[in-house]
Amino acid sequence: MIEGARWRRWVFFNLPLTLFVIGLLFPFYWMVVTTVRPDAELYRPWMAPNYTPFWTFHPTLDHIRYLLGETLFSRWMLNTFFISLLATAISLFCGLLAGYALSRLKFPFAGSLGTGIFITYLVPQTLLFIPLADIIRNFHLGDTPWALILTYPTFLIPFCTWLLMGYFKAIPRELEECARIDGATRWQAMFYIVFPVAVPGILSAGIFAFTLSWNEFIYALVFLSSPEQKTVSVGVTSELVRGDVFYWGSLMAGALLGSIPVALIYSFFVEYYVAGITGSVKG
Amino acid sequence: MAVDSVAAVKSAKSYVAAPRRGPVTRVLENERWFAFLLLLPTAVLLGLFMAYPFIEGVLLALSDAKVGVPGSFVGLQNFAALLNDSIFRVAVWNTIVYTAVTTVFKLALGLWLALLLNQHFRGKALTRAFVLLPFIIPTVLSTFAWKWMFDPTFSVINWTLFHLGIIRTRINWLSDPGLALVSVIIVNIWRGVPFYAISLLAGLQTINPELAEAAAIDGARTWQRFRYITWPLLLPVTMVVVLFSVIQTFADFQLVYILTGGGPANATQLFATYAYQIGVGTGLLGQGAAISLAMFPVLLAVVVVQLLYIRRVEIH
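Protein chains in written order, with the numbering used here: chain A, 1 to 283; chain B, 1001 to 1316.
Hints listed in this document are in silico derivations from the structure and should not be mistaken for laboratory results. For clarity, every value in this text was computed on a predicted model and none was experimentally measured. Take these hints with a grain of salt, some might be off.
Here are some of the chain A residues that sit facing chain B, going by a computed Cβ distance under 8 Å [to be verified]: (1) PRO53; (2) PHE107; (3) THR161; (4) THR185; (5) ALA198.
Note that beta-carbon positions come from the ideal geometry of N, C-alpha and C, so glycine has one too.
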């Protein structure tokens, strides 16, 4: 708690917190302003006397219109959505089963397998993208959404497994044993008793996995080549920057619209999302 | 009561032990087989797209493969070439600086923000939700906003600093070799602080406030309470957050790729961007794979430290 005079609360609390919030949010504000700013104002040097940085008096939707009409942006959004959704579904399926096995069943090497999953969780995508690109080509998956749908789970499954293991461990064993006594098979006990109790964990893992897939960049950059296959991040990067020419208005419009799905999901499920982050750290 | 429940468990055991069910169910009732089947999909996917690429990566790094040319075994030649490669040395140094500096700042600012958010104030939930935005918005997209803010001719940052009287001429944030790494570091800190803050806030909330209150009654000042109570209790969470973040930062790619592409004159080249430039840009797969793989010993060391630390905490 901050005690003492009112000025202390201002200096040690209100002021720093305000600065943090402004600093962290300003780039998004800048995205919005740039999106609706007409080109004539956009390309006015900051030294110019009539440079109006924080506001525009002639808002325009031209950049958004260009983005949706003249580029494949909506296609990229659909691609990203489709890829993220499937990669998340696959990862949740695998993570649920593996997490259950590792946290509730006794079998040889259970401990070392758990550690192994944890280590794969820490492998960054940049370590493997070159050989993986080769393998994708050999499997004839290059330039198809499947190149991403099948590779994203490599970083999502370890995360989902790890997070769900935490939730499964917290569910009392008696709950399952009761069902077994009543004649449920192992499968039924897992599916009808344990999984429903772990729904908050499943939601957290799913939301987190979805946003991670939506944000992924290097695999999408390397594995996809034709414009109509690209994801939002890669499409915006490669199609709205031509050589040295940046289409800043449309670029910012793309950044803004491309962020909205994650921002929406996030805003509906903040608590689950935060639980996902903290769960992943607690390990 | 007790006798009853023991009897119930016994009868249940004998019931489970002799189920009259089909062969599939019988296999699923075996704990080991069941575990095996549950782990199978994960093992297949991770094997195909993680273990196999890793082996393939090692083989590639030991070959002179190029795009479209399978290449032949050349031993450690690629790694030997890296030792004499001045750009590689710059990339290693940049990666170390980038990781060290951003980690110190992310931890300091993240902890500060976490302590602020741990106070009671109106609009706390909303503030916390907004503060996390830099972490959840796709990095590539928010980095473009920064690139635009750093544009020397149209920079809003330059305008602000100029009108505050801090600078007199324009600053070339990304094209000045001395400043480019600083600019990249600023963006990385901006992106990383929310993750630190939210994770540390979760750690702070598990600390019993009565401890600090008791210390306050005993006359401990704010700083002392932080130094001797909050910080030691927060240390386990802090360690894990730092190690996670170190791995991510060390292997970072997208931020630098968008902002500078490793330039100007390799001033911001990192392991990953250099591997991309050589492996994908130039098509020298063997050389590129070797650069990527050179990250591995460092990452392994970080993971080992983390595992040892977690084990130590579990024992205590």
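So, going through the hints one by one against the coordinates:
With a least beta-carbon distance of about 5 Å to chain B, the hint placing PRO53 (chain A) at the interface is held under the 8 Å criterion. Because the smallest distance between the Cβ of PHE107 (chain A) and any Cβ of chain B comes to about 4 Å, under 8 Å, the interface hint for this residue holds. Taking 8 Å as the C-beta cut-off, the interface hint given for THR161 (chain A) holds, the closest approach to chain B being about 7 Å. Nearest Cβ of chain B to the Cβ of THR185 (chain A): about 6 Å, under the 8 Å cut. The hint holds.
Using the Cβ-Cβ criterion of 8 Å, the hint placing ALA198 (chain A) at the interface with chain B is not satisfied: the shortest such distance is roughly 14 Å.
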